[in-house]
Structure formats: structure tokens, C-alpha cells
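> Chain by chain, the residues run as shown.
2 protein chains.
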Amino acid sequence: MAANALDTIMLLGDSITQYGWEQGGFIQRLAHLYARKLDVINRGLSGYNTEWAIPVFEQCFAKKEAQPYVPKVKLLTIWFGANDACLPNRDQYVSIPRFIENLHTMISMVREPSSDWYSPTTRIILLTPPPVNVAVRAALIAPREMDRTADQTKAYADAVIKAGEEARVPVVDLWTKLWEKAGETEEGLKKYLKDGLHLNAEGYEIVFDQLIEAISKHFPELHYDRLPQVFTHWDTISLENPRASLKSQRVDV
Amino acid sequence: MAANALDTIMLLGDSITQYGWEQGGFIQRLAHLYARKLDVINRGLSGYNTEWAIPVFEQCFAKKEAQPYVPKVKLLTIWFGANDACLPNRDQYVSIPRFIENLHTMISMVREPSSDWYSPTTRIILLTPPPVNVAVRAALIAPREMDRTADQTKAYADAVIKAGEEARVPVVDLWTKLWEKAGETEEGLKKYLKDGLHLNAEGYEIVFDQLIEAISKHFPELHYDRLPQVFTHWDTISLENPRASLKSQRVDV
Numbered sequence: 017m018a019a020n021a022l023d024t025i026m027l028l029g030d031s032i033t034q035y036g037w038e039q040g041g042f043i044q045r046l047a048h049l050y051a052r053k054l055d056v057i058n059r060g061l062s063g064y065n066t067e068w069a070i071p072v073f074e075q076c077f078a079k080k081e082a083q084p085y086v087p088k089v090k091l092l093t094i095w096f097g098a099n100d101a102c103l104p105n106r107d108q109y110v111s112i113p114r115f116i117e118n119l120h121t122m123i124s125m126v127r128e129p130s131s132d133w134y135s136p137t138t139r140i141i142l143l144t145p146p147p148v149n150v151a152v153r154a155a156l157i158a159p160r161e162m163d164r165t166a167d168q169t170k171a172y173a174d175a176v177i178k179a180g181e182e183a184r185v186p187v188v189d190l191w192t193k194l195w196e197k198a199g200e201t202e203e204g205l206k207k208y209l210k211d212g213l214h215l216n217a218e219g220y221e222i223v224f225d226q227l228i229e230a231i232s233k234h235f236p237e238l239h240y241d242r243l244p245q246v247f248t249h250w251d252t253i254s255l256e257n258p259r260a261s262l263k264s265q266r267v268d269v
Numbered sequence: 017m018a019a020n021a022l023d024t025i026m027l028l029g030d031s032i033t034q035y036g037w038e039q040g041g042f043i044q045r046l047a048h049l050y051a052r053k054l055d056v057i058n059r060g061l062s063g064y065n066t067e068w069a070i071p072v073f074e075q076c077f078a079k080k081e082a083q084p085y086v087p088k089v090k091l092l093t094i095w096f097g098a099n100d101a102c103l104p105n106r107d108q109y110v111s112i113p114r115f116i117e118n119l120h121t122m123i124s125m126v127r128e129p130s131s132d133w134y135s136p137t138t139r140i141i142l143l144t145p146p147p148v149n150v151a152v153r154a155a156l157i158a159p160r161e162m163d164r165t166a167d168q169t170k171a172y173a174d175a176v177i178k179a180g181e182e183a184r185v186p187v188v189d190l191w192t193k194l195w196e197k198a199g200e201t202e203e204g205l206k207k208y209l210k211d212g213l214h215l216n217a218e219g220y221e222i223v224f225d226q227l228i229e230a231i232s233k234h235f236p237e238l239h240y241d242r243l244p245q246v247f248t249h250w251d252t253i254s255l256e257n258p259r260a261s262l263k264s265q266r267v268d269v
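Protein chains in written order, with my numbering: chain A, 17 to 269; chain B, 17 to 269.
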């Protein structure tokens, strides 16, 4: 059994989070830099929208009674919109008002003292979905009809920003950052998207950089440079009494 | 707080395990393929030998009283020897008899019904340390005196095999596999070692392949192709009653 040895970063989202374990993915990069400091938990669910994510999140985030036994989630990222923004005739579609409501539901689960999942030490960051390269994706899924538009996804990115402002949760506006980096052209997005929808390693590098920037700005105590290794560096182990120097140095932030 | 949502693979070892989160590292590859099936927990400790790892392992593996609340470790890899095999005048040195004893101690912690850490459903795999490229490492750490020899590390690889045979635990003999791949020359090792001691992505690819081969042979029920996603694929979600189809499908193996 895995003991409650390290606190964690939990990444909740859709396929763009799930694939964060790829080589150069943002979760792979986080895991490498936070090694021996915070464990990284990927709760990305390919194809999911916010409506379907809520029942899963209820099972992935611990309720109060289990909290003494399980790792703390120091940082939670919530990153949806890529599927919610499908066209209304698709199963994955969620309307913008409902999308915003669902984001608030997830945030309130963690933040409201009356919630079964209340966790006052968990910091939250929202991310906006990346821009879609419609030409590339349409070609890939043809002859099936195209399922997304560039404007629709932009509207969901704006909705994430709105939800973040309303709930006072920091937002990494990845949509805008990627669009700027792409020179505000679909063609330019090819550098960052591998199939018009999902990020490649260069796209994920931007996600990672933006996330670390947000951590530095809003929750600097959670930057990897500020956190100690939970088990000491080997050259500080006492040779006379190693066991004494090998106790967990985990501290509550 | 992170709920007990997915079971896990725990990787216990030294720096060669810790750096497994690098791009192309064996843990990154495992995490990607086991996404939504098993979480992957990196308990690699740069510089550590088996002597120092035991007190840490006691804190990372759950004792019986916590076990109802924490994720099961379905698979545990134990991979040491690279530091234990330092020359006897170094702090990291552990004698071969003691090294073997320490491996048995870790295995018995998990396997012995009388142990506080007893976990009968945890499968164990041992790995042997990779061969050292003495010329490369000696040049890198000069003018400090060289700390390892090729023969010494080979003797610790043999010791892991011996411990595995005695305890009837499968062993991934990485030393032999890498040495063969290198054409049995130090020069050939350059393809797999980045600094004479630690693996690069090509070296880690071999570790990954060998580990999956050992899983397929000894614990096929734990191969990623045999495990279901804990939360269902999005296109099987019931649109009439999504919540009902979004219950965890975790099963005890």
C-alpha cells in the first residue's frame, strides 16, 4: 500500500490533461521538477466535458472523513472547455452558462466549508482551452462533419476567465498565449498543436511555463524551488545515525 | 485531498529511478501507458543506497492500519546497487552480504504476514544496476578520484540476481541486457548512458521494454492492455443517466 508520504498536485481535465504524461508533456515536466517534493496526479479524462467530470471529481477528491489518511492536494488545476465547446448537435456539448456553473461547482466543492470535499489548503488554478486549428482538424476527421469552430472554443476560453474572476481563482489564459505565439493565424498554430486540437511538446512547454509563472505569482510557496525534498539529500545523511536523519521533512505550507 | 481512486505502481530506487520522470524516462513511459488505469509513484532517491532506503521505504509504504484508506501498490519495483557498489572508502558503500540482506529486508516487509507493512496483493520485481562506463565517469568527476569500478557494479548486479532467486522474486537483469546491447564494450555503452552512470532516453527505453516483458511473463494481469480504465471511455457514458455510468470500475486483481 502507498503511504501518505508526499503531498500532491492534482491535474483535472480532459484529453489535453491526460496526454500531459507524453514526452515533453506539461505533467511529465512538473513530475520531473517536483520529484521528491510533491507527487503529481493526472486526472485527465479524454473526451470528457465538465458535466461528466463532476461525478468523477467527487470520487477522485477525498471527502472529509478520509482526509487524515490521504495526501493533501496542495494545488489543483481545472482545465476544461475543449469538449464542452463542441457544436450543439454533439454529445459532448455543454452550453456556456452550464459550463460556467459546472466550473463553479468544482471550485465550491473544494472551497465551501459546508462541502463534503472542503479542503481549505488546496490552491486552485483554472486554464483556458487552446485555440483550435479548424482546417487541420476538419481534414483529419473527414468525411465526418467538423465538430468545433474556432469562435466557439474562444467563447469557452472567455467563459473560463469569467468564472475565474467571479470565483477569484487565478486563470492561465492559454488560449490567448498560444494565439499570440502563433502570430494570430491558424497556420502558426501548427507549431503547437499536433492535430488541430491537442498540444505537442512545444505547446505543452508553453502550458508548463505559464503554469509555473502563475504559481510564482499567486502561490509562490508552492514553487518547486521553495519546497524542500521530503527525504533529505544523501550527503546530509548522518553516518552515525542514518535513521534519525531520514525522517520525513514534510512541512505544512 | 487526493482520494484513493486508482491503485498504483511504486518505483523504489536511487537516482536512476528518480530521473525516470525525464522525457523518455521509464517512469514517464509507464505513467503515459497506465494513465487512467494505475497511478505511478516515483520513490527514487538520488545518491541513496539500500541501507538508507529502508527507513524511507518504511515511511512510503503504508502500514496495516492505514491500508483501508490508501491506494494499493499492485506492483513494486526495487532497483538499487549503483550506489551500494561504490568503492569501500566511500560513504555510499554497502558490502555485498549486507546489500543482499537489505534487499531481503525490503521484500520481507511486504511479504511476511507478521510484518507491519504486509501487503499480499503487491507484486515485486527487482532490477540490476546498469553497467558503468568507467572512462566516461572518471573523466567527468576528475580531479576527484574515481568512485566505482566496472567489476564492482557487475558483482552487485549478480547479488541482485542471487537475492531474487533466494526470495523467488522476478529479476530484470538490466546489467546483462545493456551490456549485450552495447556489444560488450565500454564504448558501446555511450549509446545508453549519458554520463557513464545514468541512463539516457535510449537506455530508459530498454528498461521500460524489459519491465513490460517481465510484467507480461510474471504478472500478466497487470499489463496495461489487460487493465480497464477506472472511469469509462467517454463514448460509453449514458446520456440519460451519466452519473450511473461514471462510477469507478476499479476491480481487485
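Treat the hints as calculated values from the structure; they're not laboratory data. Glycine included, every Cβ here is placed at the ideal spot set by N, Cα and C. Hints are supplied without guarantee of correctness; some may be wrong.
Said to hold, decoys possible - Which bits of chain A does chain B cover? Going by a derived footprint, with three or more residues having C-beta under 8 Å, they are:
| id | stretch |
| --- | --- |
| 1 | 19-25 |
| 2 | 67-76 |
| 3 | 157-167 |
| 4 | 189-202 |
| 5 | 257-264 |
Said to hold, decoys possible - Derived pair list, reagent style DMTMM-like, types lysine to aspartate or glutamate, alpha-carbon separation capped at 20 Å:
| id | chain 1 | residue 1 | chain 2 | residue 2 |
| --- | --- | --- | --- | --- |
| 6 | B | Lys-263 | A | Glu-128 |
| 7 | A | Lys-79 | B | Asp-132 |
| 8 | A | Lys-178 | A | Glu-81 |
| 9 | A | Lys-263 | B | Asp-132 |
| 10 | B | Lys-263 | A | Glu-221 |
| 11 | A | Lys-80 | B | Glu-81 |
| 12 | B | Lys-80 | B | Asp-132 |
| 13 | A | Lys-263 | B | Glu-74 |
| 14 | B | Lys-79 | A | Glu-81 |
| 15 | A | Lys-53 | B | Glu-256 |
| 16 | B | Lys-170 | B | Glu-181 |
| 17 | B | Lys-53 | A | Asp-189 |
| 18 | B | Lys-80 | A | Glu-256 |
> What hint numbers does the structure not satisfy?
The structure breaks hints 3, 4, 6, 7, 8, 10, 15, 17, 18; every other hint is satisfied.
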